[in-house]
Structure formats: C-alpha cells, structure tokens
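Line by line, the protein sequences give chains A and B.
Just so you know, we're using the working numbering here: the first sequence kicks off at 1 and counts up by one.
Just so you know, we're using the working numbering here: the second sequence kicks off at 1 and counts up by one.
Quick caveat, the hints were computed from the structure, so don't treat them as lab data.
Warning: the hint list may mix true and false statements.
No copy is singled out in the list; a pair is fine if it fits within one copy or between any two copies.
[What the hints assert, rightly or not] Each computed SDA-like pair below joins lysine to any residue, with the alpha-carbon atoms no more than 25 angstroms apart: (1) 519 <-> 594; (2) 378 <-> 413; (3) 378 <-> 405; (4) 67 <-> 228; (5) 123 <-> 386; (6) 341 <-> 369; (7) 67 <-> 601; (8) 220 <-> 65; (9) 643 <-> 534; (10) 212 <-> 228; (11) 212 <-> 389; (12) 519 <-> 590; (13) 519 <-> 143; (14) 212 <-> 576; (15) 604 <-> 119; (16) 212 <-> 65; (17) 604 <-> 143; (18) 519 <-> 558.
2 protein chains.
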Amino acid sequence: MRKMMFSFFLSLAMIGAAPVIVGQSPDSPALMPLPAHITRADGQLLIDSNFHVDLQGYTEPRLVAAKTRFLHLLFSETGIPLVENTTSGSPILIVQTAAASDPVQQLGEDESYHLEITGSQAKLSASNPLGTLHGLQTFLQLVRETPQGFSVPALTIDDQPRFPWRGLMIDTGRHFMPVDVVERNLNAMEAVKLNVLHWHLSEDQGFRIESKQFPLLQEKGSNGLYYTQQQVREVIEYARERGIRVVPEFDVPCHTTAWFAGYPDLASAPGPFKIETHWGVFDPAMDPTRESTYQFLDRFIGEMAALFPDVYFHIGGDECDGKEWDANPRIQAFLHAHNLKDNAALQSYFTARVQKLVAAHHKIMEGWDEVLQPDTPKDVLIQSWRGPTALAAAARQGNRGLLSTGYYIDLNQSAEQHYLADPLGGEGASLTADQKARILGGEAAMWSEFVTPENVDSRIWPRTAAIAERLWSPQDVRDVNSMYARLAVVSQKLQYYGPNHLSSTDLMLERMSGEPAPKALKVLAAVVQPPEGYKREELRQYDSTTPLNRLVDAVPPESDVARIFAGLVKQIVSGKASPLQLQQVHDWLVLWRDNDAKLQPLLKDSDVTAELVPVSSTLAQVAAIGLDALDDLQSNRPADPGKLQKEKQVLATAEEPQAVLRDMIVPSVSLLVGATEKH
Amino acid sequence: MRKMMFSFFLSLAMIGAAPVIVGQSPDSPALMPLPAHITRADGQLLIDSNFHVDLQGYTEPRLVAAKTRFLHLLFSETGIPLVENTTSGSPILIVQTAAASDPVQQLGEDESYHLEITGSQAKLSASNPLGTLHGLQTFLQLVRETPQGFSVPALTIDDQPRFPWRGLMIDTGRHFMPVDVVERNLNAMEAVKLNVLHWHLSEDQGFRIESKQFPLLQEKGSNGLYYTQQQVREVIEYARERGIRVVPEFDVPCHTTAWFAGYPDLASAPGPFKIETHWGVFDPAMDPTRESTYQFLDRFIGEMAALFPDVYFHIGGDECDGKEWDANPRIQAFLHAHNLKDNAALQSYFTARVQKLVAAHHKIMEGWDEVLQPDTPKDVLIQSWRGPTALAAAARQGNRGLLSTGYYIDLNQSAEQHYLADPLGGEGASLTADQKARILGGEAAMWSEFVTPENVDSRIWPRTAAIAERLWSPQDVRDVNSMYARLAVVSQKLQYYGPNHLSSTDLMLERMSGEPAPKALKVLAAVVQPPEGYKREELRQYDSTTPLNRLVDAVPPESDVARIFAGLVKQIVSGKASPLQLQQVHDWLVLWRDNDAKLQPLLKDSDVTAELVPVSSTLAQVAAIGLDALDDLQSNRPADPGKLQKEKQVLATAEEPQAVLRDMIVPSVSLLVGATEKH
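All chains should be modelled from the sequences, with the hints used to inform the complete structure.
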C-alpha cells in the first residue's frame, strides 16, 4: 500500500504543493480496523482471472451471497472478470466455516476469523458465518496493485473484536433517508466490521415507518416520506446478510410531535399538532398519566417487536423539557397523587411502565442516559450521549452501556477526535473488570438536521471507519498518523461499496458553479469546514425546508489539506522543516493567495455562490499574510510590530465563520505569524 | 445555460489552457433533443421550496411515480427540498394529461406535449402519459442557476418526435450487464426521450435469460450470469414507467453456441458445445432441417412471447457463415431435396418458418438485414447494420426498417459522426414519401466485447444523446457546434440519472494509479482514445476473460480536449486565431510536453500502467514538435527541411496506436507542422 499512501499526498499536492511523505511503512497493509494479530510473511498472492473461491464446511445462502458480493467487489478493485462458478483448477481462496451462527444474530456471538495467505493460496476460517464475513472484508482491504499485477501480501491474521456492539445510528426522522441510502451505508458498515444499525425512526419532524395498527402515524406524521414494513423487512435481511443487527429506536415520551399529528390524544397538551419543521428541543411530550397511552404503546411496541427480530428495542427517552407536564393540571395532580417529586420522577415512572411493555414483548429495552434511574432494571441498556462519567455510573449501577459521546459525527469534528474517544477512557478506566465488561461498545451517531440523502454519506464516511477501528481493534491501537494514512486508503476503497462520500462533494460543487470541474472553487472548498458542534444554528436560521446546497453542505467535515498544512507549519515553527516542506507550504500559500482572482468572476453568477465572495477574498488575504511571515522566517528578519498588529487583527477576524464556513488555514497562519515574533 | 457552456471550456482549460468561448447563445437553452418548436419569452420561473406539481386530468400510478421521480431529480439539480404532498399555495407546475395511452405501449402512439412557462407558473399538457413523461424531462433540462436562484426560462414549447422508434440496443450476451446497469440506462434513455430498449439476450458467449421450458439454456449457457424472469418483468415495468418499450432479441440460427451448451441437438454439428470465450463470428448454427428445431423454437418463443408484452420480437438472423451446414451431409441433402440453391436460401427457409412461429404467438418479427428476402412478409421489420442502401432496399420492397449503421457506439466514433448519420440520409433521401414512412427510426447499438458493467455507461453516454436528437428533432437540426455545446450540459445532468459515464473514468484511473487524484495520468487520459472500428482486436488478443482495466478501457471513446484543440489549430493554420487562442494552444502543448516527467515515475509501479511508458513519452515528443512548429509559425520562420523530415517521421510513428491507444493530438500537430512548410 506504500504507493497509495505516497500518492495520496501527491494528490493533495495537486491542490497546490509537492508531496509530503508520512504514514505507514511499505510493509504495513492499510487495514481498518487493524486486526488483533498480524504476522507478515514473504511474497504475495497474485489475483488474476483464475482466481476463485471455494466455500467449504458449513454453508448457507448468506455465505453464497457473500461470495458473490466478494467477487463483485474484487472485480471493482481490480477490473479482472471473476466468473462465479469457475471450477477449473484448485481454489485460490478457501473459505472454511465451521457451523451456523444464531438464526437471529445475537450480541456477543463469536466474530473471530483466521486468515492465512501464502504465495499460492489463501485460507480463511471461522467458527461461524459472522467471522467469515469479516475475514472476506479483510481480504478485500489487502488487495493492492504491484508491478506484477493485483495481489494480496502473504501474512497470517488472527482477529476478533474488542467490543461486541459496534454501531452506526442514522437519524431518519429529521431528514428522511430512502432505502438506498440506508443500504449503501450498510455496505460500508460491513467493510469496516460494524455490526449494529441503530435506526432512529421517529422524531418531532417525522414518523418514518408504516404502522398497520396506527396508520395515521405515517399518514399524518411523515409528509409521505416513510418506510413500508416490506422495505423494513428488506433492510433487516440486507443487514443480516452483512452480519449487521438492526435495532429500531422509537423515541418516547418526547421528540414525539410527529406522532401527535395523527394521534393528538397521546399528547400532554391539547392539539392539534403539526409535524415540526424547526430544529431543537420541543415541548410536546406523551401523557404519562393516562392508561390509554400505555395501551397505545403496548399495541405499537407489539407490532414493531414482531417486525424487528433483534432482541434490543430502543425507546429513546432523551431531552424532555417537561413544559407540557408542568402546564397540565391533571398531570400535576397525578404527580402529587403518586408521590412523584418532579418531572424526572414522572419520566422514570413512564419509562418503567414502557420497560415492562417492552419486556412483555420479549425484548430488552435500550434508552439514552435519561432512562437510567436507581431502580432501573439491570438488563436495560444505556446509550450515553452525556459522556464517560454517565456511562461509568451506569456500569457501576450494574447496567450495561454504550458510548456515543465523542462519536457524534454530525458535529464536524476531526477523525482524530473521534478516534481517541474510548468507551473505556476517562471515568471508564477506573472501573473494575466486571464493570468494564458491562461497556459493550459504542455507536457513531448521524443526527440529520444538516444532512440530506445527497450529502449524508460524506458526513458518515470516512470518519466512521476510525470509530469502527476504536471499537474493534485493541485499545492500544492509537497512532493517529497511522490512522489517517490508512483512512485515506479505506476511504478510496469504500467508493466501491456504494457510498458517495467522495463524489458528492464534486457533484455539489459542479452544481453550485455550473461547471463540470470548478477548479478554483475546489481550491477554496479544500480548506474550509462547517462550524464545529452546534455553532451552525447560531450563525444562520435553518429549518427542514432550508436547501442544504451551499458550500458548507458540500465540503467534508474535515479538511485533509488544512490538516496536512498544519502539520507542515508545525515543522516550520519548530525549526525542523526540510527545504521540501518549506517549499510545499510556500506553494500552497501562493495557490490560495492567487485563487481569489480566478474564483471571484464566477461567484456572482449564482445565488448559491454569491455569499462566497468574502470567503474567497479572506483566504487570499490570510495566505498573503502567511507568505509574508514565511518570508520573514526564512530571511530571519524580525517582524515589523505595526504590520504584525494589523495582520493579527485580520487573522482574528478571519477566525470567525463567514457564509457558515471556517477557514481552516487561519490557525496555521497565525502560528507562522506568531513565530516571526519570537525571532 | 450560458454559464455552463462558458464554464465547460474553462474546465477543459483546467487540463491546461485558458478558456475558449464557443457554443450557443445565452438565450438558447441546452435542450437535447431540441424540441420541434420553441418560442422564448422574457423572464424566468424561480424554483424554491414552495415549488410543487399538480397532476390534473387523467391520472394513473405511472404518472404519480413520474412526479415523484421528477421531484427527486429536481432536488438533485437544485439541492432544494421538495416535499411531495405539499398542498399549500397554488401549484407551480400544472401537468394536464388528457387520457390514457395504450396498456401495452405501441409503436407510433402520440408522444407530443406542450409546455408553457411564464414568470409565475408552468403548464405541461399532453394527450396521454407518454407526452407527459417527455415534457417533464424537457422541464428538467431547462433548470439552470442564476443570480436570483435556480430557475427555468419563460418560453413555449410544442414538441413531438420525428421518428416513432428511437432505440438503444444493449448486448448482454458477450458481457453480462446486471439489472442495475440496465435500469440506470433506462433512466438516462428517458432523459433524452428514447423509447425502445432492444435487449440482446443471447450470444455465442452467453444465454442471459431464465427459461422455465428449457432450463439448461441458462444453466449450461450463462456461467450463472442471467436474468430471472422475475427480473425481466421488473425491467419491463421499469421501462414502461419511463415510456420505453422493451423488445427482446434471441439471435437465431447463428450466434447460438451458448444455446447448444445445454441443447446440443439443436446444432448442425455434433456436440458437445461449450460457451464461446472468444470474440468473432463462429460456425455453430441451428439445424434448420429438423422439425425438432422448430418444435423447440415454438415452445421457446411461446414462453418468451408471454413474458415480453411488446408486439415486436427480434430473432436476429445475422452473420451465418454456413460452415456447419456445408459440413453436414444430411443438411446438404435437405438443400437438394428442397431446391434450396445455397445457404442464404436455407437461412431464408429457416427464417420463414420462424416468422410463422412468431406470428402464431401474436408477435411481429424483427430481424437484421439478412432476414430480408424477396418473399419476406411485409410486416417483418428490418434492422439495418449494413447501411442506408440496404435499408432503402427494404423500404422499396415494402418492409419497414430501422437504421443502426452509423449508430454502433462500440466503435469509438465521435458524437459528430453518429449525429450526422440520418435514417433518411444517403439512399434514403431518394425514397418516395410512402417508402420514407416505412423508415421508423433507428437504434444505437452497444455491442459488448469491450465493455463491462464498470465502463459501459461511458461508451453509451453522452454520445447516445446525440443519436437521440437525430431521431427526435427535425431533420434540419444539424449544427455540430451547437450539438457539442448542449451535449456537454446534458452529460453533466445525466449524472443525476444514475449512469456513471463521467465518474467511471476517474475511478478507473484511480485504481490504475493507486492514487485518489492522479493528475498526470488524467492529463494523458484526456488526449488518448481507443482505436476506431474493429482495429482493437487486431492490436491485441482479447477474449471474455481479459481484464478490461487499462487506460483504453477507462478513457471515453471521444476526447473532448483533442477535439477542441483541433478546432483551435485549424484557426491557427487558417491564420484566423486570436492571440488568446494562440496562447491556449501553446499552454496545452507545454502541459503535454512537461507531463511526461511527472507521469513516468508512477507508471512502472503497476502492471496495468507499465505499458503507458511509451505512450506518455510520445505525447511529450509530439507536443514538443507542436511547440516548435508554433514557434516557427509565430516567428514567420521557414521550417528547416531536415528537421521537418525528422519530425514528420516521429508524427507518422505516433499516429500508430500504442498500448491500444490513439494519441488524438497527433493529427493537429501534423497540421501545424504542415503549415510551417507553406510559409
């Protein structure tokens, strides 16, 4: 994979600078997640049109389908036609599966596999199909090209996951995601060995699944954008074929406005209700005091429990503001009558009742932090958005838990930030072994205020692959440089699985500019990012009807160019930069300084690019300051204090988002300018 | 669309030169095919999230589905969320359909529509859903961005097709094309108003459809790569929803090796037979002398006639070499006994029998040129691969016909060549009005020796859009510059329909190079083309197991860069070039000359790029010669005869394909060099 790594930086250099070589050694394959144990050997196994796969031992339709999919992906990786039922010659890849896995995939089943590759053959063995599926993905990640042709390196891998629950949550409530979006993300999940799709199906802004018991849920609550039960069954089967469990979430008692559009009697306030079109936390909440609420939920949960085979059932439970409860005298009377001291206690009462319903339908309840109370049954699974301390508290109390704090991929954080968040980090490190065993893993959470089917993949991938590694690989696998180097390779390969995380940016830039290859816009796009955290909503008014078709929606959450540039600048200010690195920084700054003149004439022609006029000119200004500082540093010239003062002002202003975009080179240029002072 | 046109050339310039402005006027929308009548008005209709569509008059599920698809595409074109069932406010697009079309789409149904757009509303009307579908596509092509936002221009269009049969043939016999490939091409066909998918389902190299009557056809004849009947039904329905008829082809009596793998008794020679893996014309032919052959075909045609609702049924009939007939004494005896003077007469006998079987199953037979004989029934439809003379002969004889000569999109010809081929050109022009009326249209033919599911779209699109215009628009629409200008816009938009004709090149170059953005390889890729016609097979040995994963498979059949470069060079040698144009040619030549040094280090690292070493160095050499000539021309310096001699030798060698690739700038550089002589 050496070549891919080298070239990755070369290609970043296309955006303006010469290559910088970092990353892994030539001998380290770009696997993600990294296996538990890997031993390299000499040689490689060539892949040509004689390649064929033999399924041995236990078999089932899922394995046959996996083989077909494997061959299709191998074709994508090589362009070599691989006809499925070739029987001539000895098999090149022998797949040995010992026995069946559980009919409905269970938490904690054996997912291990053993892969041995020599110069003449590869052998994959696993105790059940789950391990086989993982091993096939590892094989695909090993494929690279060489002067001899496409091949995989000789090696031995013994692999199994660190955590049994490795999930991706997709919020289909706020922006609906059609089945093809869900399925292409399931493809990519399989590629990085994630094993749980947490399907967030109801929100204030939409109820997204067909209920036959209560059809007004989808009829009044979805604007026509919902999954039929047949589609749900297909998605579950699609996931099962890929070794992925599907856990549905129906968020109660709050985040429920869309339920009330069809069934206002469930609510704590008088109706009528309309689907919410704004973002935020809203007042509508189910009425926890009426028996009719529980009768409704019993029937509804029963219907959904039959539809979703997985034993876990997520009931949400987050972010109740209690305002409707406060405002309803009948509910207040109920509190007093039942000795419930506050709304938290009322929610706890509600949760306990719901938990019994869930259990009666033979499911294990899962909920967000808020559902954990002192008397919460021990089998309730807690998903933590509040953080490691809350998660550790759950484990100490005897409940099992999942970490999602640190894995909120809607917040436009770096892959590094997500990668270093560990389910057993922080408070978790101080747990006893028994308590640690209750931490089952974690889930990346794709909340969907600011994503559409068009750009959602670019928010999920490639960063979620780094989270997948955190959840699969040994805890001490934490080398950020290695992670980024491998992530670049895996991101390229994920294109063969269906996600459009790389192409969507280009397509959106083309649409914005009306050009097939808007180079100057791409130069700008490569160094800006959406604001981190929840800042975006402070900068501009958004709701569910706002088009997400601007630069902030098109660019990935993390700028690779700015990240690499920052690394180079750090070398410079620490006095360790090579002449080549200095030249790279210089070339990039020149590119950015001169880009504005090329880009400006195009920006005014379109409503969606007009707002970029100041963004582009700021980039030019900042780059010019950087060039100036670089010049001072290289000439060992003391910086002029008056000029410094002015430049710092410009940089301080440039730190602020414009057109809802952060200019990601500003911090590095500030570092350069700061360094001139120390001379 | 002015901006798109301008920018298209700008972006080509990204590959190395400054913009050259050609193409249409700002007022001419980039529609393809051009409508029969168009009247521009002042103003435009803005598209925002209030946009909604109202179906009025006759409706049916197909129209509701078309509306959903339309809104989805409009979202792709704008990024503006358009919720389907918004009912607030007055509709922005009123769609008025008068009545149903035929339950099974018929040749020659009314496909006309009327579209009127003002500053406040658009109204589309059609006599049946076929016209409605076409009108919706026209609307989508009108969408562009402006400083005010996304919009369509105010105008009135009255439109109907010139020919009733506008087809695309896809050969799924030689390389199988999975259902998703077929469906995404049906999407694109709808976009350019093609209305027939001619599905070529059997070949020497594969029998691609499930027969329940004769299951060994697919079991022994397809290597597992075939369509189930359920899939076929789905494709037919998918096509019907898009106003597209599906005509199956089962090529008999030759091109039938794959049939014989399961049913050797059908053959004229003793078996056993294996699926053919080579390309070419092969000897195996059905035995036309045995009654069992016709009994088999009767049952088979009956089964397929029930599966495919269209009234036309294509039986192929092309390219019989007759060798197996010659070699079989029993068949020779049959010839004598029946007074058949040669193999053509024998095939004619066979065809007449098959025609009766087809007719007995209530279908109209279609066949290639060869099926036309003096006594061929008048309702047999002739598809011509032999050319306008053969087609005119069919029309004179009273048969109806389709042109495919000139539309063989596997031959790597230019869009211009296809565009100027007219079903009523050549001999066709001399036909009487009645005879002309027998020419029903034409079909692009995608033969699949050199395409896989990965690159087939890039062979079909965008050039087939030019053929679609030839078959839809008035005969006098023949401005090649306008065609190319609009084709560039339509090609971009076709990306939203699913074909990967643009992205596949990039993905394949990435795979070849192991780089995410292999710029130097792209520079080379932009100026080379696959050989035209059947030359490729002379240059290298190919069969169905050969990987199609090299540069020749990745690049489009027509180099836009080389075409535009050629136009500029013509300006220069005619002395009409502007300083800007001269500069562009110079910049491009410098880019190509200097590219080799950047590309060479990367080429040797991979088996699939090593062969490009001489291709890249030749490009550099040719570019250097071009620069030299340009310099001579600009300095008005007489060329040195010795140097000229040497340069011409280099150019003559460079004309020859290397690595199965043509260097498309050679002819233009030769033109430059030639011009220096005339000084």
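Evaluation of the provided hints:
1. 519 <-> 594: The answer is both: 13 angstroms in one copy and 20 angstroms across copies each meet 25 angstroms.
2. 378 <-> 413: neither (34 angstroms within a copy, 71 angstroms between copies)
3. 378 <-> 405: within (22 angstroms within a copy, 75 angstroms between copies)
4. 67 <-> 228: Between copies only: 19 angstroms across, 29 angstroms inside.
5. 123 <-> 386: For residue 123 and residue 386, neither the intra-copy (44 angstroms) nor the inter-copy (53 angstroms) Cα distance is at most 25 angstroms.
6. 341 <-> 369: Cα proximity of residue 341 and residue 369: one copy only (20 angstroms, versus 89 angstroms across).
7. 67 <-> 601: Cα proximity of residue 67 and residue 601: none, with 52 angstroms in one copy and 37 angstroms across.
8. 220 <-> 65: Classified as between: cross-chain Cα gap 20 angstroms, same-chain 39 angstroms, threshold 25 angstroms.
9. 643 <-> 534: neither (35 angstroms within a copy, 68 angstroms between copies)
10. 212 <-> 228: within (10 angstroms within a copy, 32 angstroms between copies)
11. 212 <-> 389: Intra 41 angstroms, inter 63 angstroms, cutoff 25 angstroms: neither.
12. 519 <-> 590: Intra 15 angstroms, inter 19 angstroms, cutoff 25 angstroms: intra and inter.
13. 519 <-> 143: between (32 angstroms within a copy, 23 angstroms between copies)
14. 212 <-> 576: Classified as neither: same-chain Cα gap 67 angstroms, cross-chain 73 angstroms, threshold 25 angstroms.
15. 604 <-> 119: between (59 angstroms within a copy, 22 angstroms between copies)
16. 212 <-> 65: between (32 angstroms within a copy, 23 angstroms between copies)
17. 604 <-> 143: Cα proximity of residue 604 and residue 143: across copies only (18 angstroms, versus 46 angstroms in one copy).
18. 519 <-> 558: both (19 angstroms within a copy, 22 angstroms between copies)
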